[in-house]
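2 protein chains.
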Amino acid sequence: MLLRISEPATSLVRHVRRHGPETTVADIRGGAPIPGVDVEALRQRLAGADGARDLERATTVGARLVCPGDEEWSPLLDDLARLDADAFGLWVRGPLELADACGQAVAVVGTRTATAYGEHVAAELATELGERGWTIVSGLAYGIDGAAHRAALAASAPTIGVLACGIDVPYPHGHRTLYERIAAEGAVVSEHPPGAAPQRHRFLVRNRIIAALSLGTVMVEAAARSGARSTLNHARDLLRHTMVVPGPVTSAMSQGCHVALREVLGSVLVTRAAEVIEQCGHLGELADSLSPPPRPRDTLGPLVRRVFEAVPVAKAAAPQRIAVTAGVRLEAVEPALAALRALGLVERTDDGWRMSKAGRDERHADGRPDRPLPLAWL
Amino acid sequence: MLLRISEPATSLVRHVRRHGPETTVADIRGGAPIPGVDVEALRQRLAGADGARDLERATTVGARLVCPGDEEWSPLLDDLARLDADAFGLWVRGPLELADACGQAVAVVGTRTATAYGEHVAAELATELGERGWTIVSGLAYGIDGAAHRAALAASAPTIGVLACGIDVPYPHGHRTLYERIAAEGAVVSEHPPGAAPQRHRFLVRNRIIAALSLGTVMVEAAARSGARSTLNHARDLLRHTMVVPGPVTSAMSQGCHVALREVLGSVLVTRAAEVIEQCGHLGELADSLSPPPRPRDTLGPLVRRVFEAVPVAKAAAPQRIAVTAGVRLEAVEPALAALRALGLVERTDDGWRMSKAGRDERHADGRPDRPLPLAWL
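Order-wise, the sequence lines are chains L and H. In terms of the numbering used here, the first sequence has 303 at position 303, counting the first letter as 1, and numbering is strictly consecutive. In terms of the numbering used here, the second sequence has 283 at position 283, counting the first letter as 1, and numbering is strictly consecutive.
No lab work stands behind these hints: they were computed from the structure. Treat the numbers as computed from the prediction; the structure is a model and nothing was measured. Each statement offered as a hint is correct.
20 Å max Cα-Cα, derived SDA-like pairs, lysine to any residue:
id: 1; chain 1: L; residue 1: Lys-315; chain 2: L; residue 2: Asp-351
id: 2; chain 1: L; residue 1: Lys-315; chain 2: L; residue 2: Arg-360
id: 3; chain 1: L; residue 1: Lys-315; chain 2: H; residue 2: Arg-200
id: 4; chain 1: L; residue 1: Lys-357; chain 2: H; residue 2: Arg-200
id: 5; chain 1: L; residue 1: Lys-315; chain 2: L; residue 2: Arg-348
id: 6; chain 1: H; residue 1: Lys-357; chain 2: H; residue 2: Ala-316
Just chain L, with the same shape it has in the complex:
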């Protein structure tokens, strides 16, 4: 009954928390004052509410009601008390067991008007997270949400779609097939009564459920004014991980992401699934560093490296000349050259020493001057 008459996330929650749902409904029916609540408005709604009919409607589409205390109720949802925005219950449709599925879940959210870049990144993240056993939570909207859900389904990974309308309302219309697939393979979730329309404020309160049902939220693309920001804020307030994917600073659809990275305390820049798991995963699941493996050059000590840099590319030079160029004493140059030859980086000719092919490749690698240095400069 409460799910029917009261919009979620109102001051009513404190009363329910203290007195329980049955007493609360009785209080409303009797017109008893409740602090911060327009009891009269709820009473008017209550007149047309029919809990039994809601259950029947939900059952028709194969949905069940999951309430606090039920085995399928995730303790993660109890964190909503932090926001004074408890969920009284959730309608769930689909084979996924809710509590189980969100034990290792990440929310992937973003703008409905995503760019190809944003949809690509959302799909990549969801695919890889899904392949590594993570559940993808999102809002079934166009754009980023849809790309994330679809990729999860394609990877046969669990996915949860949280609706801002009734559990039996496939919204948006263009995502009816997606809604049906998630209902068949994952879980569709709603806290609104069957038949409820997707009103604006419901999108914002819905976002808190997305944030609550996951260990962290990744914002992939968002305009400066975007609902995804509210999900990120909820995640922060719920002490979940807040992660943001950057994009071109020239893209309006990454503007909200960059603002969030600058302004949302604790938000972490992520570029791939491994970094998301590093944030949300259990201790020790560190992302492999992107730093490339060491090169022969990196193993050289500073003196040998100086000598290496002083060896000419084309025309060989005598050790005396190399010593002066390198600023290293002659006595130290000979053993350094021998070491470099052992590594295959320099070669000896009749005229002295010069780079080998491998040495030139090393020198041309990133971080080098733009061209091989002409001998004349050495």
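Since chain L is already given, all that's left is putting chain H on it; use the hints.
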């Protein structure tokens, strides 16, 4: 003489700091031991060094030598003592007065193999910073450096190019014209003796001069292994501002930027010149927030907003119906509708209330459900 014989940023600096340059040269000539320094190697170099000839060569290209204590010596350079990598002096060529020009300067650096995106962003930043009176410091390399210098010149803004070779060596060759333009309108700077070749290690020690000569460093694009990262690290160690421009996570040339944002403590994501100035500028120069101006909708209180959301788009509805949909008592709905009409967001028909054109536009703005809600759902 020291500039000729010793590579910058060696342990020699501590000796120079304590005993002064003249004594140090005498010590080297005499073969006196200096901790951490290969005095014999320096002595061998000293044999071929000729300070007077260096000065003459520099004068030929119109360069001057600026040393600690000179009026043109920037106190910013003294911070290099923090790195135990003091500069002994700088060769300077160009009309800019060094100390003056770097009093309000930002370094804009990045990969030599920049993408069109990176060059575009570097140019935009340099143009806007230049127009607002900031000096652009960079390394005269291909890619990001060149784009930043060129944009500064185009904006008639001061720009400083720091070389990794002698002041008279226009390197890289393809930037000879750029080198000449900066020498004619800005300042080219080097701590190497005239004629010195651009050896690899010189690029890395050069980067500390770029970092020192500016109040902050902006990294625009960088591969995972990039010299720009060393400039950023030097900036951090010099207690300068470290700023990084994000890019597509799919771009290898933004990978180093994202790694830096994740790993370099204190690095700040920036997307435009105003944010750079907010970091480096004097107190109070805050970037205008990108948050858009408030809309009529944003000025509504929660109750009026709920009523607004419940007003049908097409077929008008009676206040009673709107009250039930909104979950607001009937007595509160009438004044809310009157207020909304005063704002031009709803209109009254013979059948009741519906959205006006302006109201529909508001409702279609970002953050809305994807389509106008069909009346049947309300």
